Amino acid sequence: MSEIRIQDDFARVKKLIDKEKKQSLELFRRSNFHSRLQKKISPESQKKRYFPFWQNYPVPALVILSLVICVGVITLVRVFSPSTNEKSVKIFEEVLSQAAALQRIFNEEKVVSESDSEFFNFEWALKRVLFSLHRRNIPDEDVPFLVYKVLCSVDPAREDTWIFQKKIDPGLFHLEKELECLRDQDCRHQFYSQIIERLKEVYNVT
Amino acid sequence: MTDIKRTEQEKVFEELMSYKEIIFQICLGFSKNPWDAEDLTQDVYLKAFRNIHSLNDPSFSREWLFKIARNTCFDFGRKLRIRRIFQLKSKGETKEDRTPESLVAYGEQLQVLKKAVKQLPKKHKEVFVLREYGNLSYQEIAAVLGIKNGTVMSRLKRARQAVINQIREEIQ
Numbered sequence: 023m024s025e026i027r028i029q030d031d032f033a034r035v036k037k038l039i040d041k042e043k044k045q046s047l048e049l050f051r052r053s054n055f056h057s058r059l060q061k062k063i064s065p066e067s068q069k070k071r072y073f074p075f076w077q078n079y080p081v082p083a084l085v086i087l088s089l090v091i092c093v094g095v096i097t098l099v100r101v102f103s104p105s106t107n108e109k110s111v112k113i114f115e116e117v118l119s120q121a122a123a124l125q126r127i128f129n130e131e132k133v134v135s136e137s138d139s140e141f142f143n144f145e146w147a148l149k150r151v152l153f154s155l156h157r158r159n160i161p162d163e164d165v166p167f168l169v170y171k172v173l174c175s176v177d178p179a180r181e182d183t184w185i186f187q188k189k190i191d192p193g194l195f196h197l198e199k200e201l202e203c204l205r206d207q208d209c210r211h212q213f214y215s216q217i218i219e220r221l222k223e224v225y226n227v228t
Numbered sequence: 083m084t085d086i087k088r089t090e091q092e093k094v095f096e097e098l099m100s101y102k103e104i105i106f107q108i109c110l111g112f113s114k115n116p117w118d119a120e121d122l123t124q125d126v127y128l129k130a131f132r133n134i135h136s137l138n139d140p141s142f143s144r145e146w147l148f149k150i151a152r153n154t155c156f157d158f159g160r161k162l163r164i165r166r167i168f169q170l171k172s173k174g175e176t177k178e179d180r181t182p183e184s185l186v187a188y189g190e191q192l193q194v195l196k197k198a199v200k201q202l203p204k205k206h207k208e209v210f211v212l213r214e215y216g217n218l219s220y221q222e223i224a225a226v227l228g229i230k231n232g233t234v235m236s237r238l239k240r241a242r243q244a245v246i247n248q249i250r251e252e253i254q
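Going down the list, the protein sequences come from chains A and B. Each residue of the first sequence is one higher than the one before, counting from 23 in this note's numbering. Each residue of the second sequence is one higher than the one before, counting from 83 in this note's numbering.
It is worth saying that the hints were derived from the structure and are not from the lab. For clarity, every value in this text was computed on a predicted model and none was experimentally measured. Virtual Cβ for every residue (Gly too), placed ideally from N, Cα, C. There's no promise every hint is true.
Footprint (simulated), chain A over chain B, 3 or more residues, beta carbon under 8 Å [said to hold, decoys possible]:
id, stretch
1, 97-107
2, 121-129
3, 191-203
4, 236-245
For reference, chain B alone in the conformation it holds in the complex (with noise of 0.2 Å):
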């Protein structure tokens, strides 16, 4: 690797260290909380470092970030699923635990968000997260999942439909 290119690279990487607050928001959307959020956002940047060789157009380095982002929250959620198989009890608390008193409290409107977040179906979910949590435009989530705007569309539309009949099964 030439010194130039490495000086390239490095620059490059730097921009891509202004888009951490975002990386954090999308992180946040795929996570339970912002602990592993922040865990998550480290790990698309350790992953960005070490393939930032691999981009050869700088100018997308946004929409690559994002992909990488993307990629790494699904991997997070996978693993996740496969330590939960391997748990013998889940120590997650039931329906019946929670009161409708309960259901006001700040922390419990978040879990039941989160939960119905969790359930949507992959690709619902990356638009929604993208789009409310990363405040990504229609064009740049287009553009991160290699689909049209009109599906973007369509699909985000879906996602928050369904995220609000979960939340509605959840309280009632």
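Excised from the complex, chain A in its bound form (with noise of 0.2 Å):
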């Protein structure tokens, strides 16, 4: 009965929107609602066609940005810094500056035999040269070939004699194994030997 009652009533309710409906739709109609909005909308039809991608999406373009920083300011410390084999070249040459006996002997490019007299010496500078090395924890590097590089930069013109790297046998002159190799006579015999054969290579000499 309730539910009968309840739902005439709301048949008048209903008229009654509906009526108010009728007559607002009807000021609707006549009002200038078209030329209004496109007072609105207009100026900002011109701005929006030129909206950039940041500031429809700006959460994903920060990310980008960062990302393209992060990835330049990689890109400019490793073009940068000096590489590992720059610095052991560096430390090698303060070593070999302090070591005037050995630097005499590559300046005369002078090639020293175990039956030379100045073996001896060449035996010492290369030792002191060695274990000075080791104390400024250089990187397990190749003495060989960091001579050649000093060399190099002593005079640019024996880059040519880049063969002389590609010769090197990997692993043979690595400096924890030589100083190894120092301790036992007969290995240190044969280490000399090898490093006069790679300086005659580098000098040139056959």
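Hey, can you piece these two chains together into the complex? The hints should help.
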């Protein structure tokens, strides 16, 4: 019973709503809705045509920008920071500059043989350099290669002897191994003779 | 934005303009008078124009526009309430100002109805306005509000009941 009464009452309410809608719609149709809206839209539509990506999607744009900056910074650091090899060459150069005897041998492009009277000096000079390198915590580098690089920096024309680098047997002359070798008499001799061989190659002596 | 996309968006906006009378009626349900409703309709279309790039699927443009209308009307109601808080004294008429004779008049009846709709809880009011003013189907209301058909029906029933009770209370 009360359901029916509610329906009746609501039918009257609905009539009232419909009447309100009808009258209001007439007013709306007579109003200048379109022209008012166009006035608001047209200045915005001009701007809207050139809406940049970063204004429409600020968060992805920010993420992309951060990534680009990070990549740029990493690239710059890599390009401008010296490589470990360059660092090693620098340290070696420094150590070599303090080892006068060895430097003299390099500069005079002398090839010292084991029978030579100067061999003793050469051996001690080289030993000092190697231990000095070890103390300086130089990365495990190929010493003859460092010798070669230093010689190239003294005389750039030696870059042509690049072939020398290719002849190096990897692992044969590495610092840690060399220092191990120096403790053993036989091994030490073998090591010196190999160094001398390499120097012969650098100086192009047959 | 490419020219093709822009043309597509213009087309969608033109299509949206064909719903302006429905939007106006929905706004009328949420507002006090047709002038406020027209202003609200302008706001709805302006928001739609500004955000049309975010409409991914044009086939849902109708529901999308109704959602904007609903949100705009609720924002408007919130602003009005804030304005009223800062008013020192309400100039609105009191119950005692009205006589049963004057209630017969259409304007008075409308005022009572508006008050009854305004006093509905938000979730009942939106269903009532979308159905009775916007003439939206139950499915459309469910899609706009993100609720089930059954929920729409039950909320509508409660809203109608509450409107009638409120009107009865006002008249007596």
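Here's how the hints hold up against the structure:
1. Proximity of the stretch 97-107 of chain B to chain A, defined as three or more residues with a beta carbon under 8 Å from a beta carbon of that chain, is established by the 4 residues found.
2. Counting residues of the stretch 121-129 of chain B whose C-beta lies closer than 8 Å to any C-beta of chain A gives 4; at least three are required, and the coverage claim holds.
3. Interface restraint, the stretch 191-203 of chain B with chain A: holds (3 residues with C-beta to C-beta distance below 8 Å; minimum three).
4. Chain A is given as covering the stretch 236-245 of chain B, and this holds because 3 residues of the stretch bring a CB closer than 8 Å to a CB of that chain, at least three being needed.
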